[in-house]
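Engineer: Chains H and Y: place on chain G using the hints.
Chains as they are written, first to last, in the working numbering: chain G, 6 to 250; chain H, 11 to 307; chain Y, 49 to 433.
These are computed hints drawn from the structure, not numbers from a lab.
Keep in mind that the hints are not guaranteed to be accurate.
[Unchecked claim] A few chain H residues facing chain Y, derived, Cβ under 8 Å:
#1 V14
#2 I18
#3 A92
#4 T103
#5 L105
#6 L106
#7 L109
#8 A110
#9 P275
#10 F276
[What the hints assert, rightly or not] A partial selection of chain H residues facing chain Y, derived with a Cβ cut-off under 7 Å:
#11 G43
#12 W70
#13 G98
#14 A99
#15 I113
#16 V114
#17 S117
#18 V241
#19 D278
#20 A279
#21 V285
#22 I286
#23 L289
#24 F290
For glycine and all other residues, C-beta sits at the position ideal for the given N, C-alpha and C.
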Amino acid sequence: MTQNGSLLLVDGVTARYGSTIAVRDVTLRVDAGEVVAILGANGAGKSTTLKTIVGLLRASDGRIVFNGKDITKLPPERIVRRGVTLVPEGRQVFGGLTVEENLRMGAGMAPTATFLDRRAQMLELFPVLSTKLDVFAGLLSGGEQQQLAIARALMSDPTLLLLDEPSLGLAPIIVERVFELIEELRSRGTTLMLAEQNVEKALQVADRAYVFSTGRVELEGPADELREHAGVEEAYLGLGVRDSA
Amino acid sequence: MTEVAQHIVNWLALGSIYALLALGIAVVFSVLGLINFAHGELVTVSGYSMVAFAIWGVPWALIIPLSVVASMIAAVLMERVAYRPLRGAPVSTTLLGSLALSIVIQSAFLMFVGARPESIPFPTWTQDTFEVGGVVIRTLDVLTFATTALLLALLLMFLRRSVRGIALRAASENFAVTRLMGIRANALIPGAFALSGLLAGVAGFFFLATASLVAPGTGFIPLLKGFIAAVIGGLGSLSGAVAGGFFLAGLETLFQATLPDGTAPFIDAFTFGIVILVLFVRPHGLRAERAALVERA
Amino acid sequence: MSAMAGGVRGIWSYTQDRWYLRALLGAALLSLILALVIVWFETYGTRTDQRVALTFLINLVAVIGFQVFMSNSGVPTFGHVAFVAIGAYTAALVTTPTDRKSSETLIPDAPGFILNTEVGFGPALVIALAVVALIAALSGSAIVRLRGGSAAIATLALLIIVRTVLGNWEQLTRGPKTWSGIPGYTTVWLALGVAVAAIFVARLFRESGGGLRLRATRTDELASSAVGVDISRSRFGAWVLSAMIAGAAGVLWAGYFLSLAPQDFFFDLTFVYIVMVIIGGTSVSGAVIGAGLVTLLTEAIRRAETQGIHIGPIDADQVFGLTPIVLGLIVLLTMILRPEGLLGRWELEEWPARTLRGLRGRRWRRSTARPVAGPANKPHGGGDT
Numbered sequence: 006m007t008q009n010g011s012l013l014l015v016d017g018v019t020a021r022y023g024s025t026i027a028v029r030d031v032t033l034r035v036d037a038g039e040v041v042a043i044l045g046a047n048g049a050g051k052s053t054t055l056k057t058i059v060g061l062l063r064a065s066d067g068r069i070v071f072n073g074k075d076i077t078k079l080p081p082e083r084i085v086r087r088g089v090t091l092v093p094e095g096r097q098v099f100g101g102l103t104v105e106e107n108l109r110m111g112a113g114m115a116p117t118a119t120f121l122d123r124r125a126q127m128l129e130l131f132p133v134l135s136t137k138l139d140v141f142a143g144l145l146s147g148g149e150q151q152q153l154a155i156a157r158a159l160m161s162d163p164t165l166l167l168l169d170e171p172s173l174g175l176a177p178i179i180v181e182r183v184f185e186l187i188e189e190l191r192s193r194g195t196t197l198m199l200a201e202q203n204v205e206k207a208l209q210v211a212d213r214a215y216v217f218s219t220g221r222v223e224l225e226g227p228a229d230e231l232r233e234h235a236g237v238e239e240a241y242l243g244l245g246v247r248d249s250a
Numbered sequence: 011m012t013e014v015a016q017h018i019v020n021w022l023a024l025g026s027i028y029a030l031l032a033l034g035i036a037v038v039f040s041v042l043g044l045i046n047f048a049h050g051e052l053v054t055v056s057g058y059s060m061v062a063f064a065i066w067g068v069p070w071a072l073i074i075p076l077s078v079v080a081s082m083i084a085a086v087l088m089e090r091v092a093y094r095p096l097r098g099a100p101v102s103t104t105l106l107g108s109l110a111l112s113i114v115i116q117s118a119f120l121m122f123v124g125a126r127p128e129s130i131p132f133p134t135w136t137q138d139t140f141e142v143g144g145v146v147i148r149t150l151d152v153l154t155f156a157t158t159a160l161l162l163a164l165l166l167m168f169l170r171r172s173v174r175g176i177a178l179r180a181a182s183e184n185f186a187v188t189r190l191m192g193i194r195a196n197a198l199i200p201g202a203f204a205l206s207g208l209l210a211g212v213a214g215f216f217f218l219a220t221a222s223l224v225a226p227g228t229g230f231i232p233l234l235k236g237f238i239a240a241v242i243g244g245l246g247s248l249s250g251a252v253a254g255g256f257f258l259a260g261l262e263t264l265f266q267a268t269l270p271d272g273t274a275p276f277i278d279a280f281t282f283g284i285v286i287l288v289l290f291v292r293p294h295g296l297r298a299e300r301a302a303l304v305e306r307a
Numbered sequence: 049m050s051a052m053a054g055g056v057r058g059i060w061s062y063t064q065d066r067w068y069l070r071a072l073l074g075a076a077l078l079s080l081i082l083a084l085v086i087v088w089f090e091t092y093g094t095r096t097d098q099r100v101a102l103t104f105l106i107n108l109v110a111v112i113g114f115q116v117f118m119s120n121s122g123v124p125t126f127g128h129v130a131f132v133a134i135g136a137y138t139a140a141l142v143t144t145p146t147d148r149k150s151s152e153t154l155i156p157d158a159p160g161f162i163l164n165t166e167v168g169f170g171p172a173l174v175i176a177l178a179v180v181a182l183i184a185a186l187s188g189s190a191i192v193r194l195r196g197g198s199a200a201i202a203t204l205a206l207l208i209i210v211r212t213v214l215g216n217w218e219q220l221t222r223g224p225k226t227w228s229g230i231p232g233y234t235t236v237w238l239a240l241g242v243a244v245a246a247i248f249v250a251r252l253f254r255e256s257g258g259g260l261r262l263r264a265t266r267t268d269e270l271a272s273s274a275v276g277v278d279i280s281r282s283r284f285g286a287w288v289l290s291a292m293i294a295g296a297a298g299v300l301w302a303g304y305f306l307s308l309a310p311q312d313f314f315f316d317l318t319f320v321y322i323v324m325v326i327i328g329g330t331s332v333s334g335a336v337i338g339a340g341l342v343t344l345l346t347e348a349i350r351r352a353e354t355q356g357i358h359i360g361p362i363d364a365d366q367v368f369g370l371t372p373i374v375l376g377l378i379v380l381l382t383m384i385l386r387p388e389g390l391l392g393r394w395e396l397e398e399w400p401a402r403t404l405r406g407l408r409g410r411r412w413r414r415s416t417a418r419p420v421a422g423p424a425n426k427p428h429g430g431g432d433t
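Same shape as in the complex, but just chain G (with noise of 0.2 Å):
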């Protein structure tokens, strides 16, 4: 295993855009079972990291290390395969496929019954689903396609799943439901690590979380203490890091 047993280990990782460095000098943890939390404005490099882990984004620095072996510089489709899967900002489904054939592409490669195995697990855990299956998910409501988008990743039977920004552009009915399913899937013994704005649903679900500002961790901290941190609203508005008194 790694040290001190974490899942996911992210060590001084720096990401660019170009020549434009997006991401600086990043180091976090996940250990198994947690729910951790991203937080931080609107590019703060919340998505940067995680399109990082999963392989989306080459890191010019650090090292990823994921249930003890070094992931950094490995293409995405390996990573996947290992056990990371990334639900995409935006949720990015296959607007020309059917919800079926989404979740089909979800299993990747699988064998048809893997497939059919998982297909079922995931129409018991979103219902809303199993009634669309041969309507193209461009179709789809936003709060359908973020379901599916989930559903989706989750075929691929992750160790640990990363979201970004499960709840945008979605409303607060739907962004209930969607964090109401993060719970589930937690009480089920997946290890998650999302990336969000809505730092009150967030920190409600959450174990631990880490807060970005212009690239940098800022802070981290368990959930329930970084909700009283003024610190958390200091990085948002880039105000600057307090330390407490």
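Structural biologist: Chains H and Y alone, transformed into the frame defined by chain G:
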């Protein structure tokens, strides 16, 4: 009445060829977002390979599949040699690189084989005709349409039922997220090219069977027709490519049938005039709604 | 000494701040270099060299036409050779002597006003430009509305339409048959003059408000229309202007080659011009350099061929085959290694400033983020963790 029937047969056969050509271009475009201007050269390759195989005494029952394979190999080579290094470049860059590739291949044929058109010794049954109710129909035309219909059905099944086919559609929509599914999307691309090679090879056989000649510049017309048809149908839409192929063939057949004799040479001009018109009215091609649908997701 | 340097810098920034001065100076510089090269050829070059130089000038004008549209709008055009053709044929129609036109060898059945027109270069140029402008306006009104790949395809369609019409309008153009007997009014100085004019027009357009707006659409269609740039209108102006420049090249073409055939103005020529435009970069200087390079290269290949390259299966046919292959490979390599072309987006005179900036060294602004002690600041106070 028999004349109309004649025209319909012509239309179906020509439309089939154009549809296959357009589909080949559309497949590559939908996955990679680039127009393979060397697609016509695949027809040239299949033509020259037929000549070569015939010279070596290979029976025609084998020549046909072999020439299609030759086209597929050429297509995969194109991807490896020219298009992979261009991955991620802006549209105009790949457009010009693609054009350059086409010219290079044509010139290579010119240099190594010669400018003189080579005759392809097609088997005699390609010239056969039969009569139905006063209408003289070429066996070849029927075969063209039937083969195309079969091929399209198989393609549809592949894209809808098989995982690879679905993955291809997924990759053409969102390459990065397809990789997130644990699918090696990069490996899908040579597959897409091989598919376009298959389509070009089959189209090439039927296209060449009429004139029986192949020269370095033979690929130009198939490219042009396929390209225009694909664009009319809405670039990137596979069903649009097929529709575009039949639409273009329909235009040509219609003009040929109805325009007064003196204007016959101007058919091309008319056809392309209509093309501009279509693009003007529907900038995204005939399948505009479908394209918009995909974008909304 | 430094006062002089300060003075020079002052004048320089004065000119750089005003777009028309920038354009005029840049164009003047480019034209000067061009003129010097041509003068050198005329003085010291062999007759072959001089022929190459003249052909180069004619091609240069056409390439500048391409550049004005393609490089500013970002839309590849396959259609501009059509305007060269129209310019050439129009010029041929009005300059070829009446007796020749009316004779059996050309177009005896043409309408009277065409048969009876016989003018020199000047009026021919004006008429040709008018005809080209008209057709450009007609085609442009449709083409500029198209977005993405459709626009490029429409230009392709235009090329084919014009080719087909020219190749079949027996009454007016002799159809597919060669038109010969055009008076040779194109001299090297005339061509140079037109080329210089084209350079000035292209530079002025590039720096003008219209050119700037158009280049904005090239970078980002959505953003530019959000700030109020009318993409279609911007492109329309460039389309007509560039067409007219290409048409002028056609007029020169007719007066130099003395005979025309529709297949001269089709894909082969289009490819050569496109290669010239993209190799040098998207600026006017880039077009000039690109045209020069390709011309030199083509000549070098031709010389090498006549001196004989005998490699294995390559036979005499290579004369036609080698050039396109080499050009094609060069384009491929350029697209892979340096897709923005030799000069990139920059004009000739803009390069020294860029290099100086680079040499002086970059000074990075230090990020104003606050120092973070370790990975986090642990919140103080009690509470279980």
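Engineer: Can you give the numbers of the hints that this structure goes against, from lowest to highest?
Structural biologist: 1, 2, 11, 12, 13
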